[in-house]
Amino acid sequence: MSVAEPPGRSDPSGRGAAFSGAAGGAELTVVEPLIFDASRPGRRAVRFPRPSEAAWAAAAAQPGLPESMRRGTPVRLPEVSELDMLRHFNRLAHLNHAIDLGFYPLGSCTMKYNPKVNEWAARLPGLAESHPLDPESLSQGSLELMWLLAELLKDISGFPAVSLQPAAGAHGELTGMLMTRAYHRDRGEGDRRTKVLVPDSAHGTNPATATMVGYETVTIRSNERGGIDLEALRSALGPDVAALMITNPSTLGIFEDQIDQVVASVQEAGAIAYMDGANLNAILGRFRPGEAGFDVMHFNLHKTFSTPHGGGGPGAGPVGVSARLEPYLPAPIPTLVEGAPAEVLANAWAGRTTPGARFALDDERPKSIGKVRSCYGNFGMFVRAYTYIRSNGSDGLRTISEDAVLAANYLRVALHDAYDLPYDRLSKHEVVFSGRRQKREHGVTTLDIAKAILDHGIHPPTIYFPLIVEEALMVEPTETESLETLDRFVDVMRGIADQARTDPEALKRAPTTTPVGRLDEAAAARRPDLRHSFPDAEDPTA
Amino acid sequence: MLEAVGVTSVDDLFADVPAAVRASDWQVPPPLAEQEVRAELARLAVRNRIPEVSFLGAGVYRHLVPSVVGEVIGRPEFATAYTPYQPEVSQGTLQSIYEFQSLICELTGMEVASASHYDGATATAEAALMACRLTRRSRVAVSAALNPDYRRVLETYCSGPGVEVVTVPADLAEGGTGTTDPGAVGELGDDVACVVAAQPNFLGQLEPMRELADAAHAIGARMVAVVEPTSLAMLEAPGAYGADLVAAEGQPLGIPASFGGPYVGLMAARMDSVRQMPGRLVGATRDADGRKGYVLTLQAREQHIRRERAASNICTNQALMALAATAYLAAVGPDGLREVAELSVTQARHLAAALEDAGLAERRFTGPYFAEVTMRVPDAARRHAALAERGIVAGYLPERDEPALRDTLLLAATELTSDDEIARLVQALGETR
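Top to bottom, those sequences are chains A and B. Letter by letter, the first sequence follows residues 1 to 542 of my numbering. Letter by letter, the second sequence follows residues 1 to 433 of my numbering.
By construction, these hints were calculated from the structure, which means they are not laboratory data. Where a beta carbon is used, it is the ideal one built from N, C-alpha and C, also for glycine. One should not assume that every hint holds.
[What the hints assert, rightly or not] Some chain A residues well away from chain B (every beta-carbon gap over 12 Å; in silico):
| # | residue |
| --- | --- |
| 1 | A55 |
| 2 | E119 |
| 3 | R192 |
| 4 | D260 |
| 5 | A269 |
| 6 | A282 |
| 7 | R324 |
| 8 | K439 |
| 9 | G443 |
| 10 | T445 |
| 11 | D498 |
| 12 | A510 |
[Unchecked claim] On the chain A side, residues computed to face chain B include the following (Cβ under 8 Å):
| # | residue |
| --- | --- |
| 13 | A45 |
| 14 | E67 |
| 15 | R71 |
| 16 | L133 |
| 17 | R185 |
| 18 | G188 |
| 19 | E189 |
| 20 | P308 |
| 21 | N347 |
| 22 | W349 |
| 23 | T353 |
| 24 | R373 |
| 25 | L447 |
| 26 | A450 |
| 27 | R518 |
[Stated by the list, open to error] Facing chain A, from chain B, some residues (calculated, C-beta under 7 Å):
| # | residue |
| --- | --- |
| 28 | N48 |
| 29 | L56 |
| 30 | C132 |
| 31 | E155 |
| 32 | G333 |
With the hints as extra help, turn the sequences into a complete structure.
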């Protein structure tokens, strides 16, 4: 057969490595060969029909593609049967950790369970096969869904207007910063306001986004309690500041308990208050940023609203804005053009279509920053998020945040003696420990701890972030994990802390049960191997 | 649990929210049981009317999505994992991205491909900005025959750092070539970072890409080729005609239209520019015991390391959609991809001939086209609307973006276009005369 046997069970390491092949000049053991290695001439998974006689004749009567524009060498795609190809990807799947396999407390990523009914909904042919440029009369369902989701996000966040267009959180940030600049320019202050303030605990996307819009980033230090230093903020605010970008709750899992004063100070200075909504999962029904005076926030539908993370996307990063930023939203915006909004909402909540209601895309927005993505955004994610919000409803959304916060605090208390806790105060969605004691006393780094966690079938927390915590371990359990799962994690973490004392060398060898051990990242960067090289003998261009 | 945490009520967990800014009540409706939420989503799905006959493309194409592709991306080990920060337990995702990068390099004839972007439009915009970094110039020249949606996104992205966008004119005259004028590139001046042109272009016409690339290089600019991936089974690879950067929408590779997304942006470049490339890259390496493995690499370009000095702010990309494209290309193979392209090209000619033979339309442009064709149709807007009422989508109306293209229809064919659909379009269009 074309593909070698499944990963060998006789492998003494237990890693399932059974293939040997040449790579990079040295003989390496290959866990799963590349799809290219399975290729055998003439094999295929999918067949297509031949054109009809009529089609053939019509095409033959017209000039073909000019020879000068034709491809010189055939595309060397793999030639595999459907079964070979499916087994290859299934075996690759077996090499992954995922929420559906085990605990995944990756801080700031909100790795909650993704309900399967969301997937059912996104695959409905009426939605999945809907072409974005179909006439609006044929797309009323898609447009209504987008309008309804935007209405729900407005209500949840307290903002009067929403754009669903950004495709990810960082994309929402870019949208928010472009709107910020458009606002200041409109007021004749565009040239003067050149700085964006970002707390030192911020995610790297915040300063990177500010740069993409031509702003200079000014870092604001945190105070000893892990919150933004109000005095430092006030002294940095001035007529040259365009915006504050603040994550709340912060990347330390802490709610900014002076957030009202933070927002007031920013507004007084004439700047825009941007809230990074990455951690919205902690505050549903408790804090509505729009109501609290923020001007703009991005949502991460793939975090708070349970759309699957997909191994790193697709996500979706809608933005909510205050009335003063509303004119600058990306166009177009799905709009109800015939029908009373209250009636259409009431009917939709009761599962009914409102007779005569009509939706359209509003593209007549002269002050809009433009489009940030083709079409209207990651619609498939909108379907899932809408399904999730409707499934949970008002009570469910509140319970999500309550349970998420309870779980984080439970872990904080249960592990606070085993690991240092630089900011030992009420947690929101996550808690950030430090491995500095293990490093100082036993030479065991946070990286060693993370790798040891892998051997227990658990995905490690986010490590070395936020940057202001030495040897950081950022744990976000989410609301969907049982008490038994949390207790097991506590046992694992305490066991590793014990082992750091008794057998630190063993932790440095971890992981030992994963498909591969620690990989040489320095070598990967030094000698980049970013694509498969075809053997010369098969290279028709050679 | 509350007791273990040391609080008496759930509200105590939110004591840090200042009283002045605690949330007031909202109007979010009550929860729905699964059968209820299914009924609601089914209601919205049937409010859409999926046309029985459609020749609509304009950047989003109706291709066969092989069943096995849906099976692969439905695997929860792929769908419910995140960015592979811990490579030891993410080899499935990482190797699939390495295979994706390899396949995109092979398709485009380029040396390096990124792990993916949000869509074709943002990949095009990021490629243009990358060209600005590579050349240290801040003007971008865009073909007038580029997808107008891409143009809009590119303008928004360029407005960020203040990059000027200028147009390279195309011959849109009646009976003209419908393609970009390489001669106009030389008149752009010597401060242009790149020339952006699509092959095939938005109007379906085949561009003189080699001449455009030569003209770009003559003024020290980079050539950004925007391509349609299935066409590369037949058309010359961008690497062979001198493209420096390639951007593409990957949707035709096994991804449903889904009202605009999620899709996947493809970007490829030459190896000497890799350090200015935005987005994730996966590279091969090894562990201490000599096992081959894959990691995220060259991360010094990225926002989580470089912060305000990063090449882009991109973080999450479209990994699962890149997996769909990888599985699609493996499933169809070289012969299948060629058949998709050839069938699309053949049916486009069948369609054009059928409309011409019936005296309903004629080609608006001369010169070669691929699988989408711009046809002159009197009173196009009215007839397009009339057909839509009958569940027939007669392609796209270019006059929505370009007044000069009044009374034309942009009609796309793919391997799914049937002779019956063509016959029904001819019949229905005739009835609207």
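Structure-based check of each hint:
no.	hint	result
1	A55	4 Å, violated
2	E119	7 Å, violated
3	R192	16 Å, holds
4	D260	5 Å, violated
5	A269	19 Å, holds
6	A282	9 Å, violated
7	R324	19 Å, holds
8	K439	19 Å, holds
9	G443	18 Å, holds
10	T445	15 Å, holds
11	D498	21 Å, holds
12	A510	9 Å, violated
13	A45	4 Å, holds
14	E67	10 Å, violated
15	R71	5 Å, holds
16	L133	5 Å, holds
17	R185	10 Å, violated
18	G188	17 Å, violated
19	E189	16 Å, violated
20	P308	4 Å, holds
21	N347	10 Å, violated
22	W349	4 Å, holds
23	T353	6 Å, holds
24	R373	6 Å, holds
25	L447	10 Å, violated
26	A450	7 Å, holds
27	R518	6 Å, holds
28	N48	4 Å, holds
29	L56	5 Å, holds
30	C132	12 Å, violated
31	E155	6 Å, holds
32	G333	5 Å, holds
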